[in-house]
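In the order they appear, the protein sequences are chains A and B. Note that the first sequence ends on residue 411 in this note's numbering; no numbers are left out. Note that the second sequence ends on residue 664 in this note's numbering; no numbers are left out.
Hints were generated in silico from the structure; no laboratory data involved. The model shown is predicted, which means the values in this text are computed figures rather than measured ones. The beta carbon of each residue, even a glycine, is placed where N, CA and C say it ideally should be. One should not assume that every hint holds.
Reference excerpt, derived from the structure (chain B facing chain A, CB under 8 angstroms, subset only) [stated by the list, open to error]:
hint : residue
1    : Gly439
2    : Phe440
3    : Thr443
4    : His446
5    : Leu447
6    : Arg449
7    : Arg451
8    : Val452
9    : Thr453
10   : Ser455
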Amino acid sequence: MTPTLTVSDPLFVAGVHWAVLLIVAIKVVVAFAVLLVSVMLMIWFERKAISDMQSRIGPQRWGPFGILQTLADGIKLFFKEDLVPRDAHRFVYKLAPYLVLIPALITFCIVPIGGLVTVAGHHFYLQVADPPIGILLLLAMSGISVYGVILAGWGSGSKYPLMSAVRASAQMISYEAALGLSTATVVLVAGTLSTTGIVDQQTQGMWHWNVIRLGVVPFVVFLIAITAEVNRPPFDTVEAESELVGGFHTEYASLHFALFFLAEFMNTITMSAIMVTLFFGGPAGWHPNVAHLNWLFPIVWFVLKTTIFCFCYVWFRGALPRFRYDQLMSLGWKQLIPISFGWLVLIAGFRVGVAWGLVTAAIVLVCAALLARAFKLGDARELGKDAILDPVAERPVPPGLIRKITDGESP
Amino acid sequence: MSDHEPLDDDQQVQHDDVERKELAFFKGFALTLRHLGRRRVTRSYPAVKRPKQPRQHGRHVLNRYEDGMEKCIGCELCAGVCPADCIYVRGLDNPPDHPVSPGERYGYVYEINYLRCIHCDLCVEACPTEAITETKMFEFSFTNRADAIYTRRELLVDDDGQPKRLPWEDWRDGEDEHTSGWMRATSPSGAAEFEGVVQWSGELGYGVRPPEGGQSDARDDEATGTLAVRDVLENHLYAGDRTVRRPPRRGPR
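Input sequences plus hints: build the corresponding full structure.
Written as C-alpha cells, this is what we have:
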C-alpha cells in the first residue's frame, strides 16, 4: 500500500495481508447491507412521518406498522418489464441510473460511523475508507451524480425529461458552489480533509462541534445547499410531478426506475450522515464506560444524530412548498453563495488574528451592502423599481406593471 | 404615462400581505409538528369502514311481501326509465296454482348489468310496487363479464328480507339494514321541505324507519345513521378550527 494510506488508516500499519483484506471486504459488505436496509427504513419512515403530518395513516399492510412496504414495492418494481423507449440512446439510458447510484454509495464510504475498534489485534475505524482527500470525495461524487441526472434526461430521447435534466443540472451545479464554500470553512478550521480528522477535533464536547465553532451560518448554508443538491423538497424541481410528469426519470421503468429512488433516499441518509460528520461531531457524544460495549455508544450517537437530520428532511417536505425555478436560482446565487463566501473570508481573517478579522469583517460588510444594492438595481431594471423579487414569498409584481410588460412597453 | 406610478391602495394591501406571508412560510413547520399528534382523519379502509349514509346507492335488491310473495309485477317500468339501459325484465303470467306475486304477472326474468348501472335510483323511483330498492353495499367486483349481470336469483331477498351475501361482495354487519325501505329521491308533491314526515315505507324485518332530518328540526341522525362530514371529523378538529357554524334551523314555510 502507499504510504499515505498507512498514515491515515491504522489498519494498514502492519502491512497488507489476507486478514486485513478480509476486514476491508467485510466492512464494504456490511456498509452496503446497512445502507440498503436503512434506505428501506428511511422510505418507510418518510412515508409514515409525512402521513402523520397530514393526519393520514400511511403504509400499514406489510409487516408491523407497514415496515415492509418498501420491500414489497421493491419486489414489485423488480419484476416489472424493463422498457427502453424507441428514441432512447440505449447505452446512456442504461448507464445513467448507475451514475446516480454509485456516487451515493461511494459518498457513504467516507462517513465515520463509530470510533476505533480492535478485532484480533487489528485496529481499524468503523468506516469503509478514510482517504486523505476525504471530504473532497463528497464534492467529486456530487459532481458526478449531476451527470447521472443529465444523461438520464438526455438519453431518454424525450422532451420533458430533457427539460427537467437541464433544469436539474443547473440547480445542482449552482448549489454545489455554496456547498463547496461552506465545506471549505470546515476544512479551513479543521486543517484536514480526512473525515476522521474532522470528527476527532469535535470529540471534546458540544462546544467543539463545528456548528458552534464556525457560527451557525455555514451549517445553515450547507443544509440548504445539500437539500438542493440531492433534489429533496422543497428543491425537487427535478422531479416536479406537477409540471414535468416525474422529471428526468419519466421514461424509466422497472429496476432502473427503482435505482433512481434508491439513490435519492440513499443520498438523503448519506447527506444527513455527512452533516453529522462535518458539523455535529459524528459519533462523538457522552457515554458511560462499560467494558466491551464502548464501541457501541458512538454508533448509537451517530445513528441518533443522523436520524434527527433524516427527520428534518421529511419535515421540510411536509412543511415547505416547492420553490419556483427563478426563486431557486436567486436563493442559490444571490444569497447562499455570497453569504457562504463572505463567512469563509471572515473566518479566514479571524484565523490569522483578531485585527485582521475585524478588517475582513468591515470589508465583507461593505461588499455585502454593495452586492445587496446591485441586486436591488438589477431587479429594478428587470421589472421596475416597485417589484421586489423574493425567493421565499410570492413575487409581488403590481398588476399595472404586468400590463405594461405584456403590452410591450418597457417599464 | 409615467414609468412608475405609486402603488394604489389595493396594491399596498397586497404588499403587506406578502410581508406577513413570509412569516406564514415558517408557520408550516409548527403546523406540521402539531399535526403529528392529532387523530388521523383516514381509516384503515378495508379493515375499518365508515358508517354509510342512509341514502347510499348500492347494489339492488328485489323485495318480498311479509308472506313471501315477490313484489315485482314484471311491468318493465324500471327497464324503461333506466338511463344506462342496464335492466332487462320479462314478465310472465302468474301460474294459478302457485302464484309468485300477488298480481296478475310477475318478473320472470330480471337482470341488472352492473357494468352499466350508474346507481341513479331512477328504477327505484319508477317502481309502482316498491319491488326494487338499493342496499348500501357498493363494494363488489367481478373477474368476468358474466358475473357482472345479476339475475333474479341473486337480487331477490330471502324470506327474512335479507339480501343474499354473494361471495365476491364485501358485506359488513349493518350494511344489510334499511335495504328494502323505499323513498323518493325528490320530495313528495314537489315540496322542498318535508318536516317530520316519514318518507320511508315499512320494510321487511325492520319496520318503518324514523324520519330523516334534511332541512328539518325533527331530524334523528342517530336513528337514520346520517353523519355530517363535520361530525365524522369531530375528533380531528380543534375548537379553533370550527369557524363554520351550523346554519340556523329553518321552520316550515
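Results for each hint:
Interface hint status for B/Gly439: upheld, as the beta-carbon distance to the closest one in chain A is roughly 4 angstroms, under 8 angstroms. For B/Phe440, the interface hint holds, since its Cβ comes within 8 angstroms of a Cβ in chain A; the closest pair sits about 5 angstroms apart. Interface hint at B/Thr443: satisfied, since its Cβ lies 4 angstroms from the closest Cβ of chain A, which is below the 8 angstroms cut-off. The interface hint given for B/His446 is met, as the beta carbon of that residue sits about 5 angstroms from the closest beta carbon of chain A, less than 8 angstroms.
Contact between B/Leu447 and chain A, as hinted, is supported at the beta carbon level, the nearest pair being about 5 angstroms apart and thus within 8 angstroms. Below 8 angstroms, beta-carbon pairs count as interface contacts, and B/Arg449 has one with chain A at about 5 angstroms; its hint therefore holds. Taken as an interface hint, B/Arg451 checks out: its beta carbon lies about 5 angstroms from the nearest beta carbon of chain A, inside 8 angstroms. Because the smallest distance between the Cβ of B/Val452 and any Cβ of chain A comes to about 5 angstroms, under 8 angstroms, the interface hint for this residue holds.
Against a cut-off of 8 angstroms between C-beta atoms, the interface hint on B/Thr453 holds, since the closest Cβ of chain A lies about 5 angstroms away. Hint status for B/Ser455 relative to chain A: holds, with the closest Cβ pair at about 6 angstroms, below 8 angstroms.
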